[in-house]
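Chains Y and G, in that order, give the protein sequences.
As numbered in my numbering, residues 5 to 437 make up the first sequence, in order.
As numbered in my numbering, residues 19 to 486 make up the second sequence, in order.
It is worth saying that the hints were derived from the structure and are not from the lab.
Check before you lean on any hint, since a few could be wrong.
What the hints assert, rightly or not - Straight-line alpha carbon distances no greater than 30 angstroms define the calculated DSSO-like cross-link-like pairs of lysine-lysine that follow:
#, chain 1, residue 1, chain 2, residue 2
1, G, K464, Y, K142
2, G, K463, Y, K139
3, Y, K142, G, K110
4, G, K246, Y, K203
5, Y, K202, G, K90
6, Y, K206, G, K110
7, Y, K38, G, K111
8, Y, K94, G, K139
9, Y, K329, G, K160
10, G, K463, Y, K206
11, Y, K203, Y, K415
12, G, K464, Y, K203
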Amino acid sequence: MNGFDGNRLAATAVEKLLAIGADKAQASLSRTEKSELNVDGGRMSLYRTTVNISIAMTAFTGGRKGSVSINRYDKASIDSAAEEAFALAKAAEPDAANDISPKQVHGSWTRGPQKPDSDAMYESLAEFLDYSASKYPKTKLEQCILDFGCGESYYANSNDVQFNETAGLYSFFAMFTSKDGEASSSFNYSGAAHQSLKKALKDWGTIDELMRQSAEQTRVSSVGSSFEGDLILSPDCLGDFSSFLDSVYLSDYALISGNSPWKDKLGKQVLSPLFSMRSEPQSGRIEAGYAYTGDGFLAKDCSLIDQGRLEYFNLGLYASNKTGKERCPSGGGARIIEPGNIPLADMIAEVKKGVLMSRFSGGNPSDNGDFSGVAKNSYLIENGKIIRPIGETMVAGNLAAFFSGLRAVSKESIDYGSAILPWVLGGGIHISG
Amino acid sequence: MIYKGLADWPKSFGDYAELRFQENTASRLSMLNGDLIANVKGGQSGFSVRTFKDGVWGFASSPRPGSLELDKSVIEETGKKAAENARFLASKKPAGILLKSRLPSRPGISNKSFVSQKPRKSQRELIEFLRSLDSYCQKHYKGLSSRTISLSCLDMEKTLATSDGADAYSFTPRTILMVSFTVEEKGEPIDLYEVYGGLGQFEDVFAEPEHIFSKLDILADNLARKSKGVYPKAGIHDVILDSDLAGILAHEAIGHTVEADLVMGGSVAAHAMDRDVASPLVSLVDFAHTAMGESCPVPVWTDDEGVEAADAVIIDKGIMKSWLHNKESAAHFGMLPTGNARAYSFQDEPLIRMRNTAILPGSSKLEDMIAGIDKGYYFLRSSNGQADSTSEFMFGIVLGFEIKGGKIGDALRDTTISGVAFDMLKTVSAVSDDMSWSNGGMCGKKQSIPVGMGGPAIRCKLNVGGRN
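Excised from the complex, chain Y in its bound form:
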């Protein structure tokens, strides 16, 4: 991989696309090195290192667009891919929404470490294995992955945009099940990403708390009835549900298709005033932030939903042009759901009957926001107290209705490195089992 010059390659790809007839062009490159330690069945079993590159070239001609990506960077391969991208564009149909980002000041950014500390990775993981074996002897680590990834990314287009960013990050993921004789808990998992290994891996995300819960979840039973009750979403579940909000209400597809129930609600109150969701790739609050968006804009922090009011849809350039609605200036990632001012313990105390849900195993929500699924690794709450862990219990509701009726957002929140998320409490959920 000697001689890899991403800026030069991106510029060369754009020049080639223009030279063969494209009227606009863009190129995105990435080069990623990953070092990864794997635990399977509780034992450290594999050390894996990978190197890969990706070069994606997009040709535009008369409003037509075609894209080709390859993972070779010799001149012949780039030339061939450029010609194929141009051929794809010529085969397509014109669409006035196809475009590239406008001229911006060139930029170069670096964040995080650039090289892994392999010995420190081993020591951190070995410490975690020792900790889990001694603290949670009933809990088996099905799989853990500690990796360090360093990625160089480059973007260039024919409007004289040139960005590049180098970012290094450690990521840790743990998946576990507890056993008591022949009784098993449901598996659970969590993970996080940080720029250093200073903090013990057990304290990344919600891993330690979920392992504690897992150890007491080997014998569960359903709620035993069907009722309408409250639901507290853990930060891990809230991450899933915020993705659901995206897919149903905020995403390119939801808006272009016209299926989003919020398509005419920009600037209006759509959720509870307790709910604020920001996208902050640049502020430094999110370690896994980024400098520019995939469609070639400098990323700017923004509020997506501010105290329940819809500020931005999560639209890229094409969807923005297609729908006439404003592009999301942040690119939509690096999410923060702002904490509230009520301690989690007080939120639980407020529930007359409901479920504290730590994992949601459910289908994708319908286009109208209806969701249903199984409350995994979860607890029954009655009269303000956690009663017992539950199994074979289903929850069903509507996303907008649930988040519109939120009664509390916790003071505590979890920093996953890629997102910061609290617990939330709402009602009107159909619970059965």
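For chain Y, the structure is supplied; the task is to place chain G on it using the hints.
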């Protein structure tokens, strides 16, 4: 094309090594309300080497640089790095080594290609194919508020050599057409989708667009019925799971629990060998490449550890008979490796994965099975499915019908079904005499990979989510 000359390399990387050259080529076209929103192609190719030393693995991968001369140095560097990674981990003497002896060996020698022999279609022709389908939808289904038609093609080409003598080549393509419709009912969007296609390149899977029109008519009719549909009643019900659901059940709720790495990680199947886990009507097999005399959706003759692939009979007439293994787990449990180690891309290590998992057909007729239910549900299509180590499963249901008095009734709105598979399978009271494979199955387990899932219709009891 077979990448020649790999067989000489693995022995130079240590006592045991695998060398794989792999190229994945993918393309996607997507049309949303008549606009072509995706028109992309991509290719990823490279080399990987995995070595085994003192009970631990080292793995390394690099993209292919572009010429045969450069390839040699990349293979050599990748092999050295993999061996170095294994030495690094072995030097730490990690606890819990699974296998201190040699890995078992059953080297596969195979050369299987499903490359089309027909002239290849151009991108313009593929776009015209989608345009014909879209025009038909626009003309005939006036009530749609949105429509999406996507074509995804994936060719996976692998050449593999191992130090224990495996020498294998495969070219396994898959072509999937996905059509999704949405209508508005009382201001709410109601959607339904269907997937068509399967093993083979486009030219071998699809002919003329007119051949698909009747299938689109069925999809539009089902959506119209669903838009006027009802929510099911929550609770335990008599149900019939059609073949799509039976296939997902076989894969998600049973197949994952018997993957030997999950067995070691605490799966409930660890205690189920040779026990009753299902009705005697239920037999379940993970097929390697051929089932009932025909190629499976994802045929595997030699897996990515170089093992000659064989069928794994997981449940035989209700009794659990085997788990799914890689070389290491097979040695640990004293079993034969089944050829279930698979990797998605050149930079992925082989994991224990299913291949083509299906419940075997029985002897009942579907219409008799429906007639035998006084009050229940008939579920046909799932949006997704998940299961865990307890065999508790959840499937999102996007198409289903009430059964009333032994007859099909109203369509259902989206719902979820759940249960504990090893309990639920004991309630199976009928299995239909036909079976079909689902199209486009993907399995996520660190890496996402194509799988086959199939089955007959089964009648059983399970928990239905609902709103009342």
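Each hint tested on the structure:
Straight-line distance between C-alpha atoms of G:K464 and Y:K142 comes to about 24 angstroms, which keeps the hinted pair within the 30 angstroms bound. Distance check on the hinted pair: G:K463 and Y:K139 sit about 27 angstroms apart at the alpha-carbon level, within 30 angstroms; holds. For the hint linking Y:K142 to G:K110, the alpha-carbon distance of about 25 angstroms falls within 30 angstroms, and the restraint holds. Restraint check for G:K246 and Y:K203: not satisfied, since their Cα atoms lie roughly 54 angstroms apart, outside the 30 angstroms limit.
For the suggested pair Y:K202 and G:K90, the alpha carbons sit about 40 angstroms apart, so the restraint of at most 30 angstroms is broken. Distance restraint check for Y:K206 and G:K110: the Cα-Cα separation of roughly 21 angstroms lies within the 30 angstroms cut-off, and the hinted pair is therefore satisfied. Taking the CA atoms of Y:K38 and G:K111, the gap is near 23 angstroms; set against the 30 angstroms cutoff, the hint holds. With a C-alpha separation of about 15 angstroms, the suggested pair Y:K94 and G:K139 falls inside the 30 angstroms cut-off, and the hint holds.
Under the criterion of a C-alpha separation no larger than 30 angstroms, the hint pairing Y:K329 with G:K160 is consistent with the structure, at around 27 angstroms. Taken as a hint, the G:K463 and Y:K206 pair is honoured in the structure, with Cα atoms around 22 angstroms apart against an allowance of 30 angstroms. At most 30 angstroms may separate the alpha-carbon atoms for a hinted pair to count; Y:K203 and Y:K415 meet this at roughly 22 angstroms. Simply put, G:K464 and Y:K203 have alpha-carbon atoms about 25 angstroms apart, close enough for the 30 angstroms limit, and the pair holds.
Violated hints for the displayed structure, listed by number in ascending order: 4, 5.
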